[in-house]
Amino acid sequence: MIRDIARKEFICLIRDGRFKWAIVIMLLLLMTSFLTGYQRYQSLHSIQEASQARDNEQWLSQDKKNPHTAAHFGNYAYKPQGTLAFFDNGIGNYAGSVVWLEAHKTNFAQNRPAQDNGAVSRFGDLTPAMTLQVLLPLLIVLMGFSAFAGERESGTLRQVMSLGVSSRTLLLGKLLGTSAAVGLVALPAILIGVGVLTFGLPGDNAQVGQRGLLLLLFYLLYALAFLFLTLGVSAVARTAKGALIALIGFWAMATFILPKAAADISKMVTPTPTYSEFYHLARQTSLEGMKGAKGLLALPQGRHIETARRQLLKQYKVASVRDLPIYWVAYSMQIIEDRDYAIYQKFLGQLRETFFRQQAVQDRFGLLSPLIPLRSLSMATSGTGLVDQERFNQTVQDFRIGMIRQMNNELIENTTMKDPLYIAGEEVFGKVKPYRYNPPTLSESFEGQRMNLVLLAAWCALMAAFAFAAVRRLRAQ
Amino acid sequence: MLKIIFSHEVRQLLKSPATLFMLGLLAAAMVFGIYNGTRAVERQNKSAVVAVADEAAAKQRVLDQLVAYERFTAERGIPRVFAPVNHAPPRPGQSPQGTNAGAVGGELVKEVAILPPTGLAAFAVGQMDLQRNYTLVDMKNKFNMSDNFEIENPLNLMTGTFDISFVVIFLLPVFIIALTYDMLSGEKESGTLALAMTQPVSLRTFMAGKLLSRIALLMLVIVIIGLYAMLFSGSALGVLDDPDAWVRFGLFLLATFIYSLFWFGLGVFVNSLNKSSETNVTILSGAWLLIVVVLPALISLTATTAYPAPSRMELKVAMRDASIAAEKAEDDTTKAYYTDHVEMLPEKETETYLTVFLARQDALEKAVEPVFAQFRGQLERQEAIVGWFQLLSPAVAMQNALNEISGNSTDRYNAYMDKVFAFQKEWKQFFTPRYLQREIMDSSMYDDFPKFEYGKEAPYVVLGRILLSAFAVLLISIGMNAYAFLRLRRFGVRENS
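Here the protein sequences come in this chain order: A and B. Residues 126 to 602 (our numbering) make up the first sequence, in order. Residues 1380 to 1876 (our numbering) make up the second sequence, in order.
Isolated chain A, as found in the complex:
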């Protein structure tokens, strides 16, 4: 019986002119989004690879010079994309992917495509993820809204019910039929995705199979939640028109209005500091000392250096820095570097915390919209979310302090105040190993995603419960 109902539903949908159009358009969009996602990934990947390789080369081939001047020249560190960025670009357009690592200065990751692509890019990208997150639910709504309400209006529901079909059977039949029609669109997408992954994209492929399967599961849960909701509303609504209006209203609310409102509310709850405020505070702290810190960090910069100087003189039992066997100037510069590293770690850490707190506030709106948990999970799985960005931001700063320490130590150990001249070449610069980004493992990616997992599963389960309850109380008229 379930099969008969499913077949009827499927055939009715396929034959309806409206849906033919919807399916064709949706298919075209999915294809386009996959192709462009693939193309974007490829071109960005090759630019990144080439730039990083060239930068490593430039670092080594820079003219012979004082190592500290080399640290001023510095390195650029690039963030490679994960393979699944072709599917879900996440915050890719809005997060910096390259950082200049130089002496004395802590810089932010820059090169955000959205800044250079003009305002039209703010409408959002046509990625496969966006197509499935936003367009697929609308397709489901359009295909399913009349499943019960339409039959009730045309009087066929009474006939079907008079046959003694159980409500469960009826729902499952409709569910299968509608899913089959939606699957006509989704299946090619899945095949393309799997194809691209199997035949390979350059780049990091760690755990990409598991990640792909997880994506499939998440999007399936999401689609099912919308499917159950649509059928449930169709069963409850008095007219097909009413069902459609209510469902489209929910769709617009869940996919467009709530995510935006959530972002603005999260900014109200935890405001983001501005560029000038951030640096003002960090520079001030560097000069005047960190309040509440232990040891030398709490002292003003001058006194910090003075204390270190006295300790050093005592250690080497000499009266003046001119008599030290090491190079005091480079030593004192390294003190400031280490001090600033600790200070910036604190402020960058606070900023990171702000970002994650904002994300947590937004995730809470997942109670009202299934898109929000799905979006977070999809980005986390694809390696294009905040976790990945912040991992990059953190590891490049660790790399930076290592590079600068290496260069300053060259000077500290090899020169003195009396004989400070020193020229280093490739053999010294080569001691700094090129930066490499290690993407998080699967379990690291899912740290902090527990609530989203629960929410997405809950949406699906609750909508299923709603649909069964609605069908159980189904009225023929």
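Hints are computed from structural coordinates only; laboratory data are not their basis. Worth double-checking, as some hints may not be accurate.
[Stated by the list, open to error] Covered by chain B, per the in silico footprint, the following chain A stretches (three or more residues, Cβ under 8 Å):
#, stretch
1, 178-188
2, 193-206
3, 248-254
4, 378-392
5, 399-408
6, 477-488
This structure is a prediction, so every number in the text was calculated from the model and none was measured. Built from N, CA and C at the ideal position, the CB exists for glycine as well.
Since chain A is already given, all that's left is putting chain B on it; use the hints.
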């Protein structure tokens, strides 16, 4: 007759809880939107204020040292001397850096060149959340100034701001669809259309009355809440007495009206197809998705594929190549020192330090200029493509118009950056000759430093930028309405098409 239908419709709409709910939702969304937009402008202003204060303090420190030195020399009757570049604080009686124009204009004092927000900035945040509205100008190469990064959570940037522009571009069409999708089909389905047609009224007059009543109601809400938004953001940002702000507000209302007209026309057109209400909703929501979501994404894609901008990464690689080439041309002996730390240079080297430094900055700028020009050129070509393709999607045209009207558009920002680059020349012209002639600066000169004045863009400049899109949308809207009304002549009141 039109009047009767109009007032009847208005009364009916106002009695429907669904309509009232929608209008209330629209009003609430606009209020929320203006609140968010105002916060964004306030944040931007705050950022600039901190930068201005920081730079003013830096200038004051230099000036204080200079004044102390002037007093010191005057009291003793000794001549003042030129200070070579030195990063260590001056000893008492030693000439401070403030006497050296190169040190002052090159690294110690910076002009904060501000792009002031317009009186309507809170209405459309545009690219404001990505870029700072101020630039720190000194004598270093200009590419360092072109990347005006502002800190924001990339997650928030991705989602965008819930501002008035979002409400108008995304939500207003949804409300219009909800108001129009069953204008005729609903009457027909409930059987009242045939009844109404027994009256001495043509279908087109009937439709006109329905349409006008809806337009009037919606515009009434937009004007009232828009006025509230203007007063709210205007008083928070202190721009209510600025006539330019009110001109822009007028343009905002006009643009919104034209955009609404398009969606109303689409509603009439879909009704003229004589299909069921459900089909109408399906078509209209599909059209909404196409115009507001899919087409803009495709247009953006076309622009970036046709004219891919050389990525900033390539710009950076080119800059480093140029810098390597420049230093290869320099004297080997200076490289053994810290070229970036003059306090460690032997006395005779500091005389030339700044000259070498400035020469390197110049060489760098010349080498990177072509890459930078190509970079900006491609971006301009992208904008041009978007300019033409916006005729396909009124939503893109509307976004362009609202960003221009609110002053947060790419055009205005680029025009501002050009002014900043020009100002930097002025800045260099003030300090470089004085440095090269080793002129001893005194404290009275400090008020004469070049000051950046953005000036205001005349309203016709703004109008010029949006004229094409506004006109195109207006034509499409009028055409859509006219065609739909023509179709109504063949509308079957009883049978379905």
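Taking the hints in turn, this is what the structure says about them:
no.: 1; hint: 178-188; result: holds (count 6)
no.: 2; hint: 193-206; result: holds (count 6)
no.: 3; hint: 248-254; result: holds (count 4)
no.: 4; hint: 378-392; result: holds (count 10)
no.: 5; hint: 399-408; result: holds (count 6)
no.: 6; hint: 477-488; result: holds (count 5)
Consistency note: the structure conflicts with none of the earlier hints.
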